[in-house]
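Undergrad: From first to last, the protein sequence lines are chains Z and B.
Each residue of the first sequence is one higher than the last, beginning at 1 in the working numbering.
Each residue of the second sequence is one higher than the last, beginning at 800 in the working numbering.
Think of the hints as simulated: they come from the structure by calculation, not from any bench.
Some clues are possibly wrong.
Unchecked claim - DSS-like mimics (lysine-lysine), calculated; alpha carbons at most 30 Å apart, straight line:
1. B:942 x Z:473
2. Z:791 x Z:668
3. B:973 x B:942
4. Z:477 x B:942
5. B:992 x Z:617
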Amino acid sequence: MKFTLSWLKEHLDTQASVEEIAETLTDLGLEVEEVFDPASRLKPFTLAKVLHAEQHPDADRLRVCRVMTDEGEKQIVCGAPNARAGITVVLCKPGDYVPGIDTTLGVGKIRGVESHGMMASERELELSDEHNGIIELPSGEVGQKFTDWLVANTPEKIDPVIEIAITPNRADALGVRGVARDLAARGLGSLKPVKAETVAGAFPCPITVTIDEDTRESGCEVFAGRLIRGVKNGPSPEWLQRRLKAIGLRPISALVDVTNFFTFDRNRPLHVFDADKVQGNLRVHRTVGGETMLGLDEKTYTFGAGQVVISDATGVESIGGIMGGEHTGCTEETVNVFLEAAVWDRIQIATTGRALKINTDARYRNERGIDPAYNMQALEDAAQMILDLCGGEASDVVTAGAVPDVARAYKLVPTRVQSLVGMDIPEAEQRATLERLGFRMDGDMAWVPSWRPDVLGEADLVEEVARIASLTKLVGKPLPRVQAGVPKPILTQGQARERIARRTAAALGYNECVTYSFIDQPAAALFGGGTEATMLANPIASDMSHMRPDLLPGLLRAAARNQARGFMDLALFEVGPVFSGGEPGEQAVQVTGVLIGRTGPKDVHGTSRGVDVFDAKTDVEAILSALGAPAKAMILRNGQGWWHPGRHGQIGLGPKKIIATFGELHPKVLREMDVKGPAVAFTIWPEEIPAPKVKTAARPALTLHALQAVERDFAFVVDERVETINIVNAAQGADKALISDVRVFDEFIGGALGEGKKSVAITVRLQPVEATLKEAEIEAVAAKIVEKVAKATGGALRG
Amino acid sequence: MGTIHPVSQVTEEVNAIFADMGFAVAEGPRIETDWYNFDALNIPGHHPARAEMDTFYMHRAEGDNRAPNVLRTHTSPVQIRSMEAQGAPIRIICPGGVYRADYDQTHTPMFHQVEGLAIDKDLSMANLKWVLEEFFSAYFGTKVKTRFRASHFPFTEPSAEVDIQCSWEGGTVKVGEGDGWLEVLGSGMVHPKVLAAGGIDPEVYQGFAFGMGIDRIAMLKYGIPDLRAFFDSDLRWLRHYGFAALDVPTLHGGLSR
Chain Z
1 MKFTLSWLKE
11 HLDTQASVEE
21 IAETLTDLGL
31 EVEEVFDPAS
41 RLKPFTLAKV
51 LHAEQHPDAD
61 RLRVCRVMTD
71 EGEKQIVCGA
81 PNARAGITVV
91 LCKPGDYVPG
101 IDTTLGVGKI
111 RGVESHGMMA
121 SERELELSDE
131 HNGIIELPSG
141 EVGQKFTDWL
151 VANTPEKIDP
161 VIEIAITPNR
171 ADALGVRGVA
181 RDLAARGLGS
191 LKPVKAETVA
201 GAFPCPITVT
211 IDEDTRESGC
221 EVFAGRLIRG
231 VKNGPSPEWL
241 QRRLKAIGLR
251 PISALVDVTN
261 FFTFDRNRPL
271 HVFDADKVQG
281 NLRVHRTVGG
291 ETMLGLDEKT
301 YTFGAGQVVI
311 SDATGVESIG
321 GIMGGEHTGC
331 TEETVNVFLE
341 AAVWDRIQIA
351 TTGRALKINT
361 DARYRNERGI
371 DPAYNMQALE
381 DAAQMILDLC
391 GGEASDVVTA
401 GAVPDVARAY
411 KLVPTRVQSL
421 VGMDIPEAEQ
431 RATLERLGFR
441 MDGDMAWVPS
451 WRPDVLGEAD
461 LVEEVARIAS
471 LTKLVGKPLP
481 RVQAGVPKPI
491 LTQGQARERI
501 ARRTAAALGY
511 NECVTYSFID
521 QPAAALFGGG
531 TEATMLANPI
541 ASDMSHMRPD
551 LLPGLLRAAA
561 RNQARGFMDL
571 ALFEVGPVFS
581 GGEPGEQAVQ
591 VTGVLIGRTG
601 PKDVHGTSRG
611 VDVFDAKTDV
621 EAILSALGAP
631 AKAMILRNGQ
641 GWWHPGRHGQ
651 IGLGPKKIIA
661 TFGELHPKVL
671 REMDVKGPAV
681 AFTIWPEEIP
691 APKVKTAARP
701 ALTLHALQAV
711 ERDFAFVVDE
721 RVETINIVNA
731 AQGADKALIS
741 DVRVFDEFIG
751 GALGEGKKSV
761 AITVRLQPVE
771 ATLKEAEIEA
781 VAAKIVEKVA
791 KATGGALRG
Chain B
800 MGTIHPVSQV
810 TEEVNAIFAD
820 MGFAVAEGPR
830 IETDWYNFDA
840 LNIPGHHPAR
850 AEMDTFYMHR
860 AEGDNRAPNV
870 LRTHTSPVQI
880 RSMEAQGAPI
890 RIICPGGVYR
900 ADYDQTHTPM
910 FHQVEGLAID
920 KDLSMANLKW
930 VLEEFFSAYF
940 GTKVKTRFRA
950 SHFPFTEPSA
960 EVDIQCSWEG
970 GTVKVGEGDG
980 WLEVLGSGMV
990 HPKVLAAGGI
1000 DPEVYQGFAF
1010 GMGIDRIAML
1020 KYGIPDLRAF
1030 FDSDLRWLRH
1040 YGFAALDVPT
1050 LHGGLSR
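Kindly produce the complete structure, drawing on both the sequences and the hints.
TA: Printed below as a string of structure tokens:
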């Protein structure tokens, strides 16, 4: 919403400066987006007089002028064709900033002649696009401030324009008068009375209006109009054109400009039909679907069913409250005009406007709510203005439907302002505030003015009182603790786990990423998603079309971007939600890390190597341990298809209870994601880790055995495809009381063992509890280990 | 060296401060029904605010005539779900990712918000002002004044935009000094209809709610210039603006080094 200061002053009697007005508007909730004050940039400039002008000795187009200024006579070189003796000019001195050329002047030397400033054109001062010559003023004294001269002679050229953002509730502030009313309520001036015109009908209106029965409810409340015959349409007067131009509207013709004037002056959209192009009478009705109309914006609209339009005998001529039709639009030739003022259902306007994708000033206002009580008076006021500007003679008013009764009252509870806002405002002041806003006080009941559709309860009255009093007066009041004392922890188990996982991953050397929750369909499809269930209806870009089924695609895309920038050794992770469907709750938290490249940069020790699956395994185990996952988990194969089939493992608390997966990513997937592999990764589902069974912080008692532990090594030859962990688990199971640890220390494949065989060497640590182990006891355990491993893996002790 | 992303770090800072004031951390789904995202927050279907939110909608299969689900445009649905689950009195903050279909120099289609909600029998906007001033002062590590300006949100009444005190020198913003103001937050007293939607009796209970951008306050505190870079995962950026694993923000040890 834009308006000029002079327009505001038509409604508000005030001495306040434009800065004061702008600050107050923002404080009132009518947030100022921009104040364009042409005068603010013209402050340094003064008037001067050219005493003498002569040809520059070395340039055909330049003149050397002697100019009388407030600082005495100066020499200025000027290129304007009209620079001549005797004219009064606008002087910019060295040191002044000239807005139109974005330059701060200095003393110049132009082709060998010194120049002490410049004489400005209108374009150089951003007053207009005029640049054929320098400004020649018809009056003014040397040394007079240019802004003072403008105020006295052409104030419209420096009329400040104020643009405010209107929140959806404040329909009334979509008219200059509503803005003025708010400022007056704050005490920044007084609201000027507005003249209510009366235009008697000179003849019956030849066009009748009707509203279809099914359109009265949530369609059109009242549709009123009158004919004005014998008008002479043409350009509207200068003052009106200037106002419309100042707020960015294009003047069209007097008749159209009148409707635009009421739209912005009183938040009252109107429409004018060329009555000679209307066939028969006007009927407000719902579309059946498929009708078309050429709009005033020269686009053809095709209607769906049930939209509210205005038709004559030939078809749809106007989209009620949104946009008129080109066919019956007013032109310079219009002689007889039908002026319409109607009240439309707000929801209907919003849905129709949205469906047809039409954004007009009329729709904007009709969907937020105009003052229904002004409907009939608007026909008088606008008719009078048309008569004043275009002449002619007005008919009687024709009406269909009835002006809706929006009268309602809410109780003003003065203590509510204190209890809800925390501001102490005397009751008398509260009542006076509401009255200045147009409320009518009847006892403790406040009757809401018809132009405030947003006021719908007691809390709204509090809001109005506090808003006008200014929330800047609010003083903070401590919020007491719910309970005295040390606050309790507040994180849930899930929140705490995410935090631990994140900090552990970072400690392991991973860099945390936050990637978008949406990703392109092919990438999503590679990771088990990309279906319709997780598809956005209106993605912002084609590579953000689906909710991610997994964190890996986003991290791999990030890795590819970093590789493209020359960073090849990467450790990235993310903690965040992934989506299995499109319903609330069809999401789960993942902790995912990716390792690519080498374990470190080249250095003198030469210890760097390519990352492998066991790096991922080590890291995932470290994070799981930090999360308190049970130490005993099984490692399973048959993970999802994006893992390398032979080089991954799922960590499960049971075959169906998978808490994490680690491994190398499938080369085909990496190729499709443009990642230069190999890459290893892990995924943890922290929500799948069961809560600890023991609720106490106390640890179990520590049992320390005094006796010396014994270690024995074994090497088994097994089939190459046997998982080493099965050997470890089998050995561990040989004597649960005695065996405290089993570790793998060597592996050897093929060679002398023959094709398809491998040798795995383990160290078993035996911890005696009651007495030192005798050799025979050790032998017995060793035999049991060999037997168990043989049974579990088919392997034999290497000879 | 591994690093923690600024969004995670600042979320933990925010959690630490509000935890001390008795606020718990509540979470909820990022894909929401339009009821939780809009209707329950007093934004009915025809409300102009709906169109202004640049909402992402989920696809509906043909023949499925339910209103499409949305990617939550704010974390306010978590407030409704928490009120339903817990009733009043309640004090929660709701941090998390939110989505709006907007992409330019200062907007990304996903960003992060923290909203707060406090409901009891006698809370007022004056308490809100105190809470926010305490929060900003703790967060920025210097006394920060706030300025409340009247505004409108469908879910609060009265509503206020909140500016924090700052200075603008040489193109950089310094919070907590000078006589400039920077808009950072929307807030207000929870609308009676919103309380009712959350199953709380508005005749008995009242309270305040507020919401601000986590990425935004991270940019302000740590001098991060471009929002879009938050989600680009450029290793150089992650290392430069990230935080060490053991820099866990606490009130007793300091929120930041």
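Undergrad: Please list, smallest to largest, the hint numbers that this structure does not respect.
TA: 2, 5
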